[in-house]
Amino acid sequence: MIEFEGVRVLVVEDEPVVAMCLEDILEGLGCVTIGPASRLAEGLALAENEPIDVAILDINLGGEWSTRIAEALRARGVPFAFASGYGTCPEGFDGPPMIEKPYREAEVIGTLRELLPP
Amino acid sequence: MRPPNDQESVEAPLPAGEDEFRLIADSAPVAVWVTRLDRHRSFVNRAYVAFLGVSYQEALDFDWRQIIHPDDAARVMQESIAGEARLETFELQGRYRRHDGVWRWLHSTSQPRWDAEGRHIGFIGVAHDITEAKEAELALREREAQLSAFINQATAGFGQVDLDAKFTLVNDRFCEIAGWSREELLGKTMLDITHPEDVGRNLGMFERAVREGTPYTHEKRYVRKDGGIVWVNNSVSVIRRPDGEPFGVLAVTLDVTERKRDEESLRKGEETLRLAIEGAGMATWELDLTTMEGAWSPNRFDLLGLRRTQDLRGTVDDWLDRVVLDDRERLRDAAYRCFRHGIPYTIEYRIRRADNGEERWLQSHGSRVSDSMGGPRRFVGVSFDITERKRAEEDLRESESRFRTIFEQANDFLITTTLDQRITQVNPAVLTALGYAEDEVVGRPVSDFMDPDQFEISRAAVAQKLAEGGTTRLTLQVRAKDGRELIWETNSRLTTDEAGNPTGLHAIGRDMTQAKRDEAHLRLLIDELNHRVKNTLAIVQGIAQQTFKAGVEPVAARHAFEGRLTALSEAHNLLTREHWSAVSMAQIIGDAVRPHGGDAGRFELDGPDLPIAPKTAISLALAIHELATNAVKHGALSLPEGNVAIRWSKAGTRDAPRLSLIWTERGGPPVVVPGKRGFGTRMIERGLAAELGGSVKIEFAPGGLVCVVDAPLPEAGG
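Sequence order for the protein chains is A and B.
Residues in the first sequence are numbered consecutively from 1, following the working numbering.
Residues in the second sequence are numbered consecutively from 1001, following the working numbering.
Hints should not be assumed to be uniformly reliable.
Unchecked claim - Capping the alpha-carbon separation at 20 Å, the derived lysine to any residue pairs in SDA-like fashion look like this:
id	chain 1	residue 1	chain 2	residue 2
1	B	Lys1516	B	Arg1473
2	B	Lys1615	A	Gly63
3	B	Lys1390	B	Arg1330
4	B	Lys1534	A	Pro97
5	B	Lys1516	B	Met1450
6	B	Lys1481	B	Asp1439
7	B	Lys1534	A	Trp65
8	B	Lys1615	A	Glu42
9	B	Lys1134	B	Ala1433
10	B	Lys1534	A	Glu105
11	B	Lys1615	A	Arg39
12	B	Lys1516	B	Ala1433
13	B	Lys1549	A	Gly30
14	B	Lys1615	A	Trp65
15	B	Lys1534	A	Ala106
16	B	Lys1633	B	Glu1604
17	B	Lys1465	B	Thr1418
18	B	Lys1615	A	Gly62
19	B	Lys1534	A	Asn60
20	B	Lys1549	B	Gly1563
21	B	Lys1615	A	Ala41
22	B	Lys1549	A	Glu105
23	B	Lys1549	A	Asp24
24	B	Lys1481	B	Met1512
25	B	Lys1390	B	Met1450
26	B	Lys1615	A	Asn60
27	B	Lys1534	A	Gly63
28	B	Lys1534	A	Met98
29	B	Lys1225	B	Thr1189
30	B	Lys1166	B	Arg1201
31	B	Lys1534	A	Ala81
32	B	Lys1534	A	Gly62
33	B	Lys1549	B	Gly1678
34	B	Lys1549	A	Ala106
These aren't lab readings, by the way, just hints derived from the structure by calculation.
Only chain A is shown next, with the shape it has when bound in the complex (with noise of 0.2 Å):
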């Protein structure tokens, strides 16, 4: 799809059956998964580093928050999105869209859509 072609999203996502499968769908749509990271220390060492366009977070990742992850990408000015099967939003996180597990792929491309700039 050419839409999202070469957009970089940092995935964040601890059950490795579930990030392959989001990595499945974003390499669909063109894009380049960064990650997938499966832990707090790893997600934010890509968060803070490397170049990324828009992220989307899983918010328990084994026991650990990524609100560190998301606090560190807001810093950034990177867009990103939370996952989870929960269907909350983190407390001080009211803005983000909320994707709710298991992933489908028209749901991430409206989360895309919604997240990077026209």
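Chain A is already provided as a structure; the job is to place chain B on it using the hints.
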């Protein structure tokens, strides 16, 4: 006290034969007087004079109206006038001031006197001092009223059944909740009114409670007489006799069908028990201590149910024979001590009437008198029937003890306080829950047992009740002696005196600590379950997406998908068995290889039983499944002689332990390096590596596939 002298006797002459009467009357410990038609007293006995503390002459003229208690005066005088006018026996009861200024309760009986021609000539009266009995009764009544208010004014229903589940005691509230009258309930068992669908469960708990003494709380339905259904929350406990033997089961019942309640003002407590000293009159007798027989007043025969003898004389044994066996020795001892040593007695005992066998209570006074002429010594006695008083006392005592049993043995917390919330009474359940002794609780303010914010809630509720009446229902945090916080649900209302003025508070409470904790726990569980289900669905979706990729043959894809789901499901089974705590690595690997020949000796497993976290376990199970599937299809297990060794160990340093796991295939066909990376390879090399935070390498070595895992040892708690 001054005995009447001869002169005074002359001034107030008595009819012939009344010398005898005077002797008897003077020995009686009760006041006796005789009036003439003009209402002037012609005789009073020693006790009468002693009570007033004046001379005999003054006693004759004494205006008793000036010593009646102001609260009783109007009533007593009105009754007295009415009684005299009727010319029948009448009784009065009231408080009179004794010469020493003390108020005494007197109970008098006045009887008209008639002369030989049947003309009315005045009255003869007897007055007992009943102060002690009255005070004891008042004290008991107060206690009974307090307890009965507790039970009957309670917002909760109290239903007591015997061990066969038959109702033995129900309060008004219980009847109201259950929808049957007291009379109807007392003919039924509690199962009769329990909803048929609730009977089985209820019966089990009931029988267990009777058998093992286990209290329980449950909710069930009663079927009301009108066919309606009411939901109740019952707190049930076994009631025991003082010797510990269970004799019934008590349910404290709350109507949970409609939480609103209380518009109906509560009905009054038990019917006021009547004070029962109704001496029908004084029966007298005398005894010649040389012949041991003497004259009896006619009503003494009546009192004992004996036929009046021609000469109106009887013996000591005629009397003692009527006394019930249990009391006879005691009475005989007292009487003979009086006969022999002159020690007067006052004694209460039971007789069995000769005519109808009825048991009655009598009170008798006896004293020995010496004849001034030096004649034989004699004994005189008086008796009163006090059965009604005794029965009332017994009833009251029984009622009090019944309520006390409920108070003491209820599972629920029963508390009374003053209006400023100082505790006046608690039942043992409160002490058990808080861990205090009774004297550490009674007399202390409620605020000592809760934090200030909680006390504020409780105080506001009292203010509301004082303003608007009714019941308040609160959930309060209470502090036990050891500092634990307990959550109590309490219903409380004001207690009132007869005039309706508030006098205090009573509260009934139930411990909700466990219930609240369970509720919070349940909410957590539901959130957690939701999370896990969503997570599992995401994994299943991922597996499906990876398995059913374009270009994969559908039947093979379906088999692969089923295999992967089975591996996932096996891992979940193990996690569920272990309640999602750490599971054994050997177990996870064993489960994962079993469908691929794990039971047929194709796998050699060797390694310590390391605990791994649930999430890691799922990734490991999926990875092992992929390796095993590949081995069966293309690797060592595709030939009968091939096998797989899985070895793992703890490596690294003590501070940084590492997991080393090696999968080695042997005896398979020559290894071919696959052209493209499939889901399996990705799952293993990237997925498992990411999950473990280490490295996972697959080598397509010529002798057989080898997979090497090197990762920080996963923490079981992670």
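In rising order, the numbers of the hints this structure does not comply with: As far as the earlier hints go, 9, 25 are violated by this structure, in ascending order.
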